[in-house]
Amino acid sequence: MPLKGIPKVLTPEILHALSSMGHGDEIVLADAHFPASSVARSSTCGTLEIRADGCDSLPYLLESILKFFPLEECIEEPVFLMDRSDLDKANNLQVKIWKEFDKILELSQGKKIKTKNVERFEFYEQAKKAYVIIQTGDTAQYGNIILKKGLVMD
1 MPLKGIPKVL
11 TPEILHALSS
21 MGHGDEIVLA
31 DAHFPASSVA
41 RSSTCGTLEI
51 RADGCDSLPY
61 LLESILKFFP
71 LEECIEEPVF
81 LMDRSDLDKA
91 NNLQVKIWKE
101 FDKILELSQG
111 KKIKTKNVER
121 FEFYEQAKKA
131 YVIIQTGDTA
141 QYGNIILKKG
151 LVMD
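Here full-length UniProt numbering is used: position 96 in the sequence shown is 96, and no number is missing along the way.
Hints in this document: simulated from the structure, not taken from any laboratory.
Every value quoted in this text rests on a predicted model; they were computed, and no experiment measured them.
Careful, some of the hints might be misleading.
Quick list of simulated restraints, FRET-style, between CB atoms [unchecked claim]:
hint, residue 1, residue 2, range
1, L87, L15, 32 to 40 Å
2, L87, I6, 34 to 42 Å
3, F68, K96, 20 to 28 Å
4, S42, G22, 19 to 27 Å
5, A32, I6, 20 to 28 Å
Restricting the straight-line Cα-Cα distance to at most 30 Å, the calculated cross-link-like pairs of lysine-lysine (DSSO-like) are [said to hold, decoys possible]:
hint, residue 1, residue 2
6, K67, K149
7, K112, K96
8, K116, K129
9, K67, K8
10, K128, K114
11, K129, K67
12, K129, K114
Here a beta-carbon is modelled for each residue, glycine too, at the ideal position from N, C-alpha and C.
Based on the sequences and whatever the hints tell you, model everything.
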């Protein structure tokens, strides 16, 4: 049964993962193309995999999570994006979803948040160390983002 004020995209599994994460833990929000199952299985720290195939909007999931999820403030770049391939860089491919991510991050935090672009295979390695990978049905190119959890100071 839904709860008041909780976006429907935040399933009980997702809410449990968010509340179980500790300071410095990372969460991966992944597009439909991301190899979530194989990355989670090859993790040495027991990375959880949550399927959210019915969620076709990574920006909406990000916005919903950031209502409850504090970003790490002790590092310069608490957010990581999967970088474009060399071919896509050479072709000057513009990644539309990154602009949406930037807007959502800034609105949720009240300031510009620096992000770090990470090469695809390095991103996979970092994802293996995450607490959880949430795989969506969003098919946007390069729609993969890692968030590092900060502290709630209330």
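Status of each hint after checking the structure:
1. L87 <-> L15: 32 to 40 Å: Roughly 39 Å apart at Cβ, these two residues keep to the hinted range, so it holds.
2. L87 <-> I6: 34 to 42 Å: holds, 41 Å
3. F68 <-> K96: 20 to 28 Å: Because 26 Å falls inside the window, the suggested range holds.
4. S42 <-> G22: 19 to 27 Å: 22 Å Cβ-Cβ, so the 19 to 27 Å window holds.
5. A32 <-> I6: 20 to 28 Å: holds, 24 Å
6. K67 <-> K149: Given that 30 Å is the threshold and the Cα spacing comes to 13 Å, the pair holds.
7. K112 <-> K96: holds, 18 Å
8. K116 <-> K129: holds, 17 Å
9. K67 <-> K8: holds, 13 Å
10. K128 <-> K114: It holds: about 22 Å lies between the C-alpha atoms, which stays within 30 Å.
11. K129 <-> K67: holds, 24 Å
12. K129 <-> K114: holds, 21 Å
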